[in-house]
Amino acid sequence: MTLTLVLYIAAAGLLLIGIAGIVLHHHLLRIIFSIALLESGANLLLLLSSFREGAAAPIRLKDGFPAMMADPVPQALVLTAIVIGVGVLALALVLALRILAIYGTLDVREIRQSMDEEIAARAGVPLEGGRQAPRSDSDPIATLEVGGHE
Amino acid sequence: MRRAASLLFLLGLALLLAAIYRHLGPNAANVGQLIDARAPTEVGAANIVTSVVLAYRGLDTLVELSILFTAATAVGLVLGREPAATSDRDAGFILRAGADLFFPLLLVVGIYIVLHGHLTPGGGFQGGVILACAFFVPLLARPGRRLDQRWASLIEGLAGASFIVIGLLALVGGEAFLTPLLGKGGMGSLFSAGSLPLLYTAVGLKVGAELAGVLARLAAQQPVA
Amino acid sequence: MSWVASIIVIVMLAAAVAVLLLKDFLSALAALAVVSLALSVLFVILRAPDVAMTEAAVGAGLGSLLFALAIRRMGLARGHKPEDRP
Chain A
596 MTLTLVLYIA AAGLLLIGIA GIVLHHHLLR IIFSIALLES GANLLLLLSS FREGAAAPIR
656 LKDGFPAMMA DPVPQALVLT AIVIGVGVLA LALVLALRIL AIYGTLDVRE IRQSMDEEIA
716 ARAGVPLEGG RQAPRSDSDP IATLEVGGHE
Chain B
297 MRRAASLLFL LGLALLLAAI YRHLGPNAAN VGQLIDARAP TEVGAANIVT SVVLAYRGLD
357 TLVELSILFT AATAVGLVLG REPAATSDRD AGFILRAGAD LFFPLLLVVG IYIVLHGHLT
417 PGGGFQGGVI LACAFFVPLL ARPGRRLDQR WASLIEGLAG ASFIVIGLLA LVGGEAFLTP
477 LLGKGGMGSL FSAGSLPLLY TAVGLKVGAE LAGVLARLAA QQPVA
Chain C
3 MSWVASIIVI VMLAAAVAVL LLKDFLSALA ALAVVSLALS VLFVILRAPD VAMTEAAVGA
63 GLGSLLFALA IRRMGLARGH KPEDRP
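Which chain is which? The protein sequence lines are A, B and C, in order. Convert by adding 595 to the 1-based position in the first sequence; the result is the number in our numbering. Convert by adding 296 to the 1-based position in the second sequence; the result is the number in our numbering. Convert by adding 2 to the 1-based position in the third sequence; the result is the number in our numbering.
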């Protein structure tokens, strides 16, 4: 089990856990947590390309530079990517705060339903079945056809 | 329908990860080896990652600063005006005393990391984040206080402008934008690597002021629920 | 030293799963901070001290602070409100 393989499994694991969180959860804050995990996994995967077996960090030691050094370009890219990630997360959290203030809930399904109703009310169009699951008492083929509003 | 789309996406992701796995390991030809060999003599910084961030890929850093600026401005826009009074409880004696002790420590550590970015691991981004936390800790301890947003905006604007001005000065000298100036000094001393310490100081001040402003705005919100 | 890295990877993946499964939001935030700290140790093992410092300062410091402030303002930290089922 070389070090590269172990860290590759870690990065792939973080990516898959993050995607599972986004797909499976319905609470907006959990989805933002999963986005943070996804970003960490992507940064780790990018940094793997900078590693050489037996290399040292690309920084000068007391008597000079080490003989074999890791690749500095992916390290510089991941450095900026981490800081950008925190900026994006700050904006996501603030938007979630505003959504909570306007819609009163952080459940993604309820927010989607409220937005559909609002759009249908303003356009003057009757709201057909939702996009999530057709209602059991109506014809499933017809509701799949229209999909909400015209 | 949604489940089928998720399954298809997972299949594509598995294929992508398998393709990346096939290409793991050191590549034969890449630009990193060249930079490792030439950066100490060309730029003169002891930290090669700093010379990549500021000298070889300086435009990326400039774009990253503008992304952060956009995010901080958008946060200010979405949150709106600050409320008049806060309804937080008093923070307690331990937090107040601890904050009074932590503020000068964090300030010194942050400034050290920013100034020595070209010698040891560190630099503007790390030090800027520490400076932002340093200016936020007193706000945690005394909930009624407000960060002076005018000073924060002023420092942020001036630091960002000075980064661009230093880059433009290289244009005046006839070289490309953001070429390091001012000669290389002795390797390993504080005044080495030309204009790199100045650039990182500007970056550190900008990032610190921006993130402190974002944190202060977020902390001053009234609870929604 | 790949067995040290393996142990840290196992801790990190366990904490990542805990972020999704824990009901209380502040506990999930603590698990996210554990993921960030383990990630910064892995960055040191990967010979990238600059990136490790950035990840430690941003992930475990500023990022967790942002999340905690937002959780408090959303009112999800008082008592132990059960969240909606996933």
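Source of the hints: derived by calculation from the structure; they are not laboratory data. A hint or two may mislead.
[Stated by the list, open to error] Straight line, CA to CA, 25 Å or less: simulated SDA-like cross-link-like pairs of lysine to any residue:
1. A/K657 - C/A62
2. A/K657 - B/Y408
3. A/K657 - A/L641
4. C/K25 - C/A62
Taking the numbered hints from earlier one at a time, note which ones the structure violates and give those numbers from smallest to largest.
1 and 3
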